[in-house]
Structures are given as C-alpha cells and as structure tokens.
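Each chain, letter by letter, is given below.
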Amino acid sequence: NAGVTQTPKFQVLKTGQSMTLQCAQDMNHEYMSWYRQDPGMGLRLIHYSVGAGITDQGEVPNGYNVSRSTTEDFPLRLLSAAPSQTSVYFCASSTPADGGFGYTFGSGTRLTVV
Amino acid sequence: KQEVTQIPAALSVPEGENLVLNCSFTDSAIYNLQWFRQDPGKGLTSLLLIQSSQREQTSGRLNASLDKSSGRSTLYIAASQPGDSATYLCAVSTGDDKIIFGKGTRLHILP
Chain W
1 NAGVTQTPKF QVLKTGQSMT LQCAQDMNHE YMSWYRQDPG MGLRLIHYSV GAGITDQGEV
61 PNGYNVSRST TEDFPLRLLS AAPSQTSVYF CASSTPADGG FGYTFGSGTR LTVV
Chain Y
1001 KQEVTQIPAA LSVPEGENLV LNCSFTDSAI YNLQWFRQDP GKGLTSLLLI QSSQREQTSG
1061 RLNASLDKSS GRSTLYIAAS QPGDSATYLC AVSTGDDKII FGKGTRLHIL P
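Residue numbers (the working numbering), protein chains in the order written: chain W, 1 to 114; chain Y, 1001 to 1111.
These are computed hints drawn from the structure, not numbers from a lab. A hint or two may mislead.
[Said to hold, decoys possible] Derived pair list, reagent style DSSO-like, types lysine-lysine, alpha-carbon separation capped at 30 Å:
| # | chain 1 | residue 1 | chain 2 | residue 2 |
| --- | --- | --- | --- | --- |
| 1 | Y | K1042 | Y | K1001 |
| 2 | Y | K1098 | Y | K1068 |
| 3 | W | K9 | Y | K1068 |
| 4 | W | K9 | Y | K1042 |
| 5 | Y | K1001 | Y | K1068 |
| 6 | Y | K1103 | Y | K1001 |
| 7 | Y | K1068 | Y | K1103 |
| 8 | W | K9 | Y | K1098 |
| 9 | W | K14 | Y | K1001 |
[Stated by the list, open to error] Partner residues aside, some chain W positions facing chain Y, computed with beta carbon under 7 Å:
| # | residue |
| --- | --- |
| 10 | A52 |
| 11 | G106 |
| 12 | G108 |
All values derive from a computational prediction rather than experimental measurement. We put the CB at the ideal spot given by N, CA and C, even for glycine.
Please build the complete structure, drawing on both the sequences and the hints.
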C-alpha cells in the first residue's frame, strides 16, 4: 500500500523553466490537493480537486496549473519558474468514506529555482 | 476566514515529562481536526483525527481533545521520549474539501 507518491523528491530549475510535479495515490481517494510549505508561512493550499475532471484554486494558485484526468493522478505544473516558487511541495489525498476526510500526505518535493 | 494558531511555536522539555500542545481556531464550524507530525525534511504523518462530534481520540501515548465551542484542541503526550522530537501540526477541515493548517509547534525532548 504505497499511499501518496510524489516525484521527484528534489529538483533544481532555472528561472523561466517549466516542469511538472507528479502525484499519485492508490487509495481511490476522491479529494486531492497541493500545498507548499515555506519557513514562517506554514502550509498553504495551491490547488485542489474533488474528483476526476474537477479542480479549483486554493490560497496561492498563481504560477501553477493542475488537471485531474484520473482519480489516481494530480500533477502540478509550474508554467515559468520563479525564485519565489522555491519551496517544499506536498500532495495530499482524502475521502469522506473512511470516517471523514482524514488526509494522507506524500513525502514532498523540494524545489529550488535559481 | 478560518485561522488556526498553535502555541507555543517551540518547546523543549526533559525526557519523561508529560506535555500539552495547544491549537486554537477562529471558526467553530469545523468538520474535523487532525494532528500531524513532521520530522525535519520529511512529509506529514497523521497522528489523530477527531470528528466534530467527538471530544477526544487516543493512540498510544497520545491523546487529542476537541472543544468546538471554545475553538480549542490539545495534544497530550505522555512520558515523552527523544523520538517524539518533531514539529506537530494542527489542521482543521471546514468541510469544503480544504484543510487549514496552523504553523506548528517544534518540540525538542531533552535526553
């Protein structure tokens, strides 16, 4: 039972480059979300999805795109990387079916933009 | 707007002591509250999930309580050990498919 899998674990990008952070879950969870974690700021929601084909913006969506073509996958795309996007990114999934929206997190992707 | 506050931001206690971490939230209309642990450079591990209809949850040496009316939750750790050193995060779900996190309490257990 892998839970939530994020790849890559580490990434260095140059300003202006684009890339996709991958997130996959094998628990058949309906809800998936992306957070970024920055020192002093805590965890902030970027985008979330309540099911395949449905996505919505969180607190800090600018500069990021998401899509949800399957229940299992929820990739996060950085369109044109900026130093301000240097952060640790976490993907999470949840379902109401297990007693109420308990969240499972991936191990994170540490991104540095130079 | 829901806000979650954790006090203290950091805490150091000698091994063996019992301790309490605090979490407060501004809007009592929550769906549930979840406590997480995060080790340095690692992801979040769920410790306890309390539904809005519950008052507490227990797992081993951990006990979490919830008082919705006062907007407070506590995480009680009994007989602390050096392995308990980590950052503890409190998060509330408002039922709109998102959770709001506090900034965490960094706990250091002194051997």
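These are the hints, each one checked on the structure:
Among the hinted pairs, K1042(Y) with K1001(Y) is consistent with the structure: their alpha-carbon atoms are about 29 Å apart, no more than 30 Å. For the hint linking K1098(Y) to K1068(Y), the alpha-carbon distance of about 18 Å falls within 30 Å, and the restraint holds. For the proposed pair K9(W) and K1068(Y), the alpha carbon gap of about 37 Å is over 30 Å, so the pair is violated. For a cut-off of 30 Å, the pair hint linking K9(W) to K1042(Y) stands: about 10 Å separates their Cα positions.
With a CA separation close to 16 Å, the supplied pair K1001(Y) and K1068(Y) stays within the 30 Å bound. Among the hinted pairs, K1103(Y) with K1001(Y) is consistent with the structure: their alpha-carbon atoms are about 16 Å apart, no more than 30 Å. Proposed proximity of K1068(Y) and K1103(Y) is supported: the alpha carbons are some 20 Å apart, at most 30 Å. For the suggested pair K9(W) and K1098(Y), the alpha carbons sit about 24 Å apart, so the restraint of at most 30 Å is met.
Restraint check: the Cα-Cα separation between K14(W) and K1001(Y) comes to about 36 Å, which exceeds 30 Å; the hinted pair is violated. Taking 7 Å as the C-beta cut-off, the interface hint given for A52(W) is violated, the closest approach to chain Y being about 14 Å. Of the supplied interface hints, the one on G106(W) holds, with its beta-carbon coming within about 6 Å of a beta-carbon of chain Y, less than 7 Å. A least Cβ separation of about 5 Å between G108(W) and chain Y falls short of the 7 Å threshold, and the interface hint therefore holds.
Hint compliance for this structure: hints 3, 9 and 10 are broken, all remaining hints hold.
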